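Chains as they are written, first to last, in our numbering: chain A, 5 to 479; chain B, -2 to 231.
FYI, nobody ran anything at the bench for these hints, they're computed from the structure. Only a predicted model underlies this, so the values are computations on that prediction, with no experimental measurement involved. Backbone N, C-alpha and C fix where the C-beta goes; we use that ideal spot for every residue, glycine too. Hints may be right or wrong, so weigh each one.
Beta-carbon label-pair distances, calculated as ranges [said to hold, decoys possible]: (1) B:Arg11 with A:Arg172: 48 to 56 Å; (2) B:Gly16 with A:Arg464: 58 to 66 Å; (3) B:Asp21 with A:Thr163: 49 to 57 Å; (4) A:Ala11 with B:Ala36: 44 to 52 Å; (5) A:Val106 with B:Gln123: 30 to 38 Å; (6) A:Ser176 with B:Ser(-1): 43 to 51 Å; (7) B:Ile181 with A:Arg389: 46 to 54 Å; (8) B:Gly16 with A:Arg389: 25 to 33 Å.
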Amino acid sequence: MDSSPRAFKANARAAVKDPQLKRALAHVKVGFIGKRAKAVARLPEFDALRDAARDIKVHTLDHLDLYLERYEERVTAQGGQVHWCPSAADARAAVLDICRRVGAKTVTKGKSMISEEIDLNQHLEANGITPVETDLGEYIVQLRGERPSHIIAPAVHLTKDLIEADFRAQHSHLPPERSLEEPRELVEEARGILRERFLAADVGITGANFLVAETGSSIIVTNEGNGDLTQALPRVHIVIASLEKVVPTLEDATTLLRVLARSATGQEFSTYTTVSTGPRRARDLDGPEEYHVILLDNGRSEMLAGQFRDALRCIRCGACMNHCPVYHAIGGHAYGWVYPGPIGAVLTPGLIGIEEAGDLPNASTFCGRCEAVCPVRIPLPKMMRHWREREFERHLTPRAVRAGLGLWAFLASRPELYHRVTGLAARLLAALAGRKGRLRSLPLAGGWTGVRDLPAPQGRTFHALWAARNRRAGT
Amino acid sequence: MSAGRDAIMGGLRRALKRGAEATDAAARQTVDRRLDAAARGLVPARGQIPPAAQVDLFEAMAVEQAATVTRIASLEAVPAALADYLKAANLAPKLRLAPSPELQNLPWDSQPMIEIETGPAQGSDQVSLTGAVAGVAETGTLLLASGPEAPTTLNFLPDNHVVVLKASQVVGAYEDGWDRLREIYGRGSLPRAVNLITGPSRTADIEQTIQLGAHGPRRLHILLVEDTESGNGA
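One chain only, chain A, in its complex shape (with noise of 0.2 Å):
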């Protein structure tokens, strides 16, 4: 699979063949979304919470540069230090440094998708440091050369066979006999690897969930507790964030923690919600001596200013990508950048250009499940449509799509003859549907029936059915 935006029409077409895959995520349908479903209706509050969370996302991108000097104030005051990082690549550069000046040869780390939208693995490595993902997820991708395909659920396209493939293939110590065919035994030959790594590693990197102007803070949430290891183990912490992960105060953060875990896993509350502050004080007997903080635009402040603004409130609990049909399809590889699913779509085009990314926008069947669950409200489907008229405007849609579109325009500005048309196509459909009601193929609809088929039109139009329905009530 190429990953890159560019590709994604063939990584869909070969992902929707792809039976293995097809199993894997099959897990996604029904964990998530009904993990999702039973926390949402235990909290009576949760729409509520819903609203206020957009709305403290929305004041803080208002006052962002204001409430980032108060975080840093803050940070520095208690003994920490930031990094303001404009691209991917100063980014890279301010982690190498810090990994360099302390000798680092082993780097642990927490789940981290900044991380993987700056390369920072492939970074480390080419300049002779280890990465090592601890996230069970994560190590599993690490394994095996690949990217996380969810935004928390890295390895969700795998099924257990393949990830115990993987480990009697890297874990050489594994003497066949011994049976890794239950997760929990998966799970624990994991433990035992990531615990070595744990205590020997130099430097630990973690992403945030958020930062608290207030207090300076960074807060991580993990169910494993591989985040809170590799932090309080190394001699160094570094904590890698973008800009909009700022938030007022703890208990601004406390709204967001409280819709985050139940939107992302269905959890009451993630098993480990850490705030961290700063490197160990003078008389802590554990922690690290030094704690940074690499703040990460990459964009942001452009999307910032414009009509994209609102993908800015995302808190990345992967709940649109859950409950998206098309997520579910082909999964979070085809998309082919760090994002998958509709956030992905939105937020893709923004940082990388949509150029680059112009089919994600596409890769919508308009449900609306994405902005229906969205714990903060990001009208995600109003934004591919932004991101469509954008190609529409720089001549990025392809040429058959503008005709059509042409067409249809020509038609839909002369109803008399919309009328006739459509009503002609509809029987004309329904005729060649027959009593099955569907196609299989059909001319210049390759795109569609390539892989479904069609539900024919019942062989009448909405503007017939309506006015039947007007002449019924009428008489």
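Could you slot chain B onto chain A? The hints should help.
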């Protein structure tokens, strides 16, 4: 000021159309006020109940998240309760104790079998015992803060984490926990690590099947000390 900071701040100010002195001052005032107020948002009704009910809710929610809870009558009962736990879980009588005078001064000599070391956790430790700052009833969440008497590694390295929580420390919502921290550490400052812990370590990264004991403790055991009148009612 670094060039990176100038570039990012410049971009943000342009995006937010800053520049006019009066509106900038108003924005700054809005931000300062919000930070000073640290006002509570919407707090779910679930935890806003009488203290004894909060203790019950804390226990029920913690147990739901696979923690185990034993209620004991007093702090002095901790050593015996820990000995019982070790026996029931078939663990060696060895303990890594948080270096807190309150915990160290408990009647440990009543349990001479237990070998006690204090200090931060070592990779080989099987059982740790720590205190807590608060217990949040809303979700059965423990709130622990790092410090000379509470090394963070104790909460994550050993296979078994035992926490002593007093009923009087149980609060309704996380916000009550933040207020407690502000009382201890002052406004705008926090200890290096504040750990909110809800049950033992787990993962669902393999086929969405929950497995306990991913990297942190396999078991979280809470010794709930009924030190309040209301806490005794249950």
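Comparing the hints with the structure gives:
1. B:Arg11 with A:Arg172: 48 to 56 Å: Given a distance of about 54 Å, which is inside 48 to 56 Å, the answer is holds.
2. B:Gly16 with A:Arg464: 58 to 66 Å: Since B:Gly16 and A:Arg464 have Cβ atoms about 59 Å apart, the given range 58 to 66 Å holds.
3. B:Asp21 with A:Thr163: 49 to 57 Å: holds, 55 Å
4. A:Ala11 with B:Ala36: 44 to 52 Å: holds, 48 Å
5. A:Val106 with B:Gln123: 30 to 38 Å: holds, 31 Å
6. A:Ser176 with B:Ser(-1): 43 to 51 Å: holds, 45 Å
7. B:Ile181 with A:Arg389: 46 to 54 Å: holds, 50 Å
8. B:Gly16 with A:Arg389: 25 to 33 Å: holds, 32 Å
Every hint from the earlier list agrees with this structure, and none is contradicted.
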